[in-house]
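Chains as they are written, first to last, in this note's numbering: chain A, 1 to 229; chain B, 1 to 229.
Heads up, none of these hints are tricks.
Intra- or inter-copy, both count: the list cannot distinguish identical chains.
Here are the simulated SDA-like pairs of lysine to any residue, each with C-alpha atoms no more than 25 Å apart in a straight line:
1. K101 with D82
2. K206 with R184
3. K226 with D70
4. K226 with D210
5. K226 with R65
6. K206 with Q228
7. K226 with G94
8. K206 with R221
9. K226 with D72
10. K226 with R68
11. K226 with D71
12. K226 with A156
13. K206 with S142
14. K106 with L19
15. K106 with A32
16. K226 with R42
17. K226 with Q41
18. K101 with R118
19. K106 with G94
20. K226 with E92
21. K206 with P132
22. K226 with G173
23. K106 with M1
24. K106 with D86
25. K226 with R69
26. K101 with D86
27. K226 with P214
For the record, the hints were derived by calculation from the structure and aren't laboratory data.
Protein chains: 2
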Amino acid sequence: MTAVLVIEDDDRIRLALLLALEDEGYEARGAATAEEGLRTQRRDPADYVLVDLMLPGIDGFEGIRQLRRDDDVPIVVVSARDDTHDIVAALEAGADDYVVKPVAIKELTARLRALRRRGRTVTAPDGPEPVPVLAFGELEVSPEAGEVRRSGEPVAVTRTEFRLLCELAEHAGRVLSRQQLLSRVWGYDSGDERLVDVHVGRLRQKIEADPANPRHLVTLRGLGYKLQR
Amino acid sequence: MTAVLVIEDDDRIRLALLLALEDEGYEARGAATAEEGLRTQRRDPADYVLVDLMLPGIDGFEGIRQLRRDDDVPIVVVSARDDTHDIVAALEAGADDYVVKPVAIKELTARLRALRRRGRTVTAPDGPEPVPVLAFGELEVSPEAGEVRRSGEPVAVTRTEFRLLCELAEHAGRVLSRQQLLSRVWGYDSGDERLVDVHVGRLRQKIEADPANPRHLVTLRGLGYKLQR
DNA sequence: GGACGGATGACAGTTGCGTGACAAAACACC
DNA sequence: GGTGTTTTGTCACGCAACTGTCATCCGTCC
Numbered sequence: 001m002t003a004v005l006v007i008e009d010d011d012r013i014r015l016a017l018l019l020a021l022e023d024e025g026y027e028a029r030g031a032a033t034a035e036e037g038l039r040t041q042r043r044d045p046a047d048y049v050l051v052d053l054m055l056p057g058i059d060g061f062e063g064i065r066q067l068r069r070d071d072d073v074p075i076v077v078v079s080a081r082d083d084t085h086d087i088v089a090a091l092e093a094g095a096d097d098y099v100v101k102p103v104a105i106k107e108l109t110a111r112l113r114a115l116r117r118r119g120r121t122v123t124a125p126d127g128p129e130p131v132p133v134l135a136f137g138e139l140e141v142s143p144e145a146g147e148v149r150r151s152g153e154p155v156a157v158t159r160t161e162f163r164l165l166c167e168l169a170e171h172a173g174r175v176l177s178r179q180q181l182l183s184r185v186w187g188y189d190s191g192d193e194r195l196v197d198v199h200v201g202r203l204r205q206k207i208e209a210d211p212a213n214p215r216h217l218v219t220l221r222g223l224g225y226k227l228q229r
Numbered sequence: 001m002t003a004v005l006v007i008e009d010d011d012r013i014r015l016a017l018l019l020a021l022e023d024e025g026y027e028a029r030g031a032a033t034a035e036e037g038l039r040t041q042r043r044d045p046a047d048y049v050l051v052d053l054m055l056p057g058i059d060g061f062e063g064i065r066q067l068r069r070d071d072d073v074p075i076v077v078v079s080a081r082d083d084t085h086d087i088v089a090a091l092e093a094g095a096d097d098y099v100v101k102p103v104a105i106k107e108l109t110a111r112l113r114a115l116r117r118r119g120r121t122v123t124a125p126d127g128p129e130p131v132p133v134l135a136f137g138e139l140e141v142s143p144e145a146g147e148v149r150r151s152g153e154p155v156a157v158t159r160t161e162f163r164l165l166c167e168l169a170e171h172a173g174r175v176l177s178r179q180q181l182l183s184r185v186w187g188y189d190s191g192d193e194r195l196v197d198v199h200v201g202r203l204r205q206k207i208e209a210d211p212a213n214p215r216h217l218v219t220l221r222g223l224g225y226k227l228q229r
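Make the full structure from the sequences, and use the hints.
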C-alpha cells in the first residue's frame with residue numbers, strides 16, 4: 001500500500017488529513033515536528049511526504065532540505081500561507097509541489113498521482129552505491145562520508161574528533177587505552193595523555209544527549225575509553 | 001535556452017506571460033488555440049507547456065490528452081478557475097501541475113524548475129539512447145554526454161572542472177581527499193594540494209547557487225571534498 | 001580527608017581553506 | 001605563423017576554525 005507521511009504540528013489538521021488519506025486508500029502516518037518526521041522517514045520511508053511550513057523547532061524549509069539530503073521522496077508542502085516568497089523558497093528547498101490550506105483531499109491525491117506519474121530523475125544505471133554506516137543507538141558514524149549523525153541529524157565534528165570517533169567506532173565495545181588512541185589517531189609514540197581526555201570531552205559535548213552521563217562514549221577508569229551501543 | 005509554449009486565448013494574458021517568461025530568461029512561444037499549440041509543439045517541441053483550460057475549439061482538457069499521446073513534456077495548467085473538479089480533471093488528463101491565475105511569474109518559474117528536477121529524461125520511442133545522468137538536487141552531471149546542468153540549464157565548465165566534478169559525482173556521498181583528487185583527476189602522485197582548492201572554488205562559482213554556502217560540493221575540513229544531494 | 005584520575009573552560013598559536021591576482025600554457029581563429 | 005582568448009597552475013593574503021596546553025575543578029576510591 002502507498003504510504004504517506006504527514007508532518008503537521010496542529011493536531012486537528014493532522015488528524016483530519018490522516019483520516020482523509022486513509023479513506024482514499026493510503027497508509028497514513030503522522031508527525032508533529034520536523035525532527036520526528038525526519039526520524040520516522042529514515043526508519044521506515046513513506047512513498048510521499050506532506051509537510052507544513054510553520055513547525056516548532058526545525059521549520060518546514062529546513063526540514064525539507066534535511067530530508068532531501070538523502071531521500072528522493074516526493075514532497076508536497078501543505079501550508080496556510082499563500083505567499084509567493086514561501087512558495088518559491090519551499091520549491092527551491094526541494095519540495096515538489098505546494099498547496100494552500102484548506103485543500104480538498106481529492107485535489108491532494110490527484111497531485112500525488114501526478115507526482116508519481118512523473119517519477120524520478122534518471123540516475124546512473126547501477127545507482128549510487130550506499131555509503132556504509134556504523135550505528136550506535138541513535139548515533140551514526142560514516143567514515144567514508146565523513147559524517148556523524150545523531151537521530152539522523154548531522155553533527156559537526158572536527159577532523160581530530162572525527163578520527164577519534166572512527167577509531168573508537170571501528171573497535172566498538174572494546175576499551176582503547178589513551179596510549180593506543182594517541183598512537184592510532186595522532187601517531188604519537190609518546191605524549192601527554194590528557195590530550196585524549198580533552199578531545200573525548202569535546203566529542204561528548206557534541207554526540208551525547210547528556211555529556212555528563214555519557215551513554216555511548218564511556219570512560220573506564222584507569223583503562224581508557226570505549227564506544228558502545 | 002529553455003523554451004516554453006504558452007497556450008492561452010486571451011491575447012493580453014498570453015502576451016504578459018510571454019514577456020514575463022522572456023524576462024526570466026526563457027524562450028517563450030505563444031499559441032491562441034489548442035490546435036495551434038499542438039501543431040507548434042509537434043513542429044518544434046518546447047521544454048514546457050503552459051495551458052489555459054477554457055479555449056475555443058478543443059478545450060484545455062482535451063488538448064492535454066492529445067498532447068500527452070506523444071509528448072512527455074511537463075504541462076502546467078494556468079487557469080482562472082479554482083475548482084477541485086477542474087484541478088483533478090486536468091491532472092488526470094495528464095497535466096503535471098495546476099496554478100490559478102493570476103500567478104506570480106516567480107512562482108511559475110519555481111514550479112517549472114521543480115518539475116524539471118523531477119522530470120524523467122526524455123526518451124522518444126525510437127529516439128536516441130538515454131544518457132546516464134547523475135543528479136544532485138537541481139544539479140545534473142552527465143559524464144558520457146560531457147554535460148552539466150543546473151535546474152535544466154546547461155552550465156559551461158572547463159575540462160578540468162568537469163573531470164573533477166565527475167570524479168566527485170561518481171563517488172557521491174563519499175569524501176575524497178585532495179591527494180585522491182590530485183591523483184585521479186590530474187594523475188599527479190604528488191603535488192600542491194592547493195591546486196584542488198582553487199578548482200573546487202571555481203567549480204562552486206558555477207554550480208552552486210550561493211558559492212559561499214555550498215549545498216552540494218562541500219568541504220570537510222581536514223578530510224577533503226564531497227559531493228552530495 | 002587526602003590522593004588520584006578524569007572533566008572542563010579559557011587561551012593563544014597554528015592550520016586549513018577561500019579568494020583574488022597573475023603569468024604561463026593551451027587553444028582557437030585567422 | 002601570428003594573435004587574441006580561455007584555461008591552468010602558482011602564489012600570497014586573510015579570516016575563521018581547530019588544536020594542544022594549562023590551570024582548575026570535580027568525583028571517587030582508599
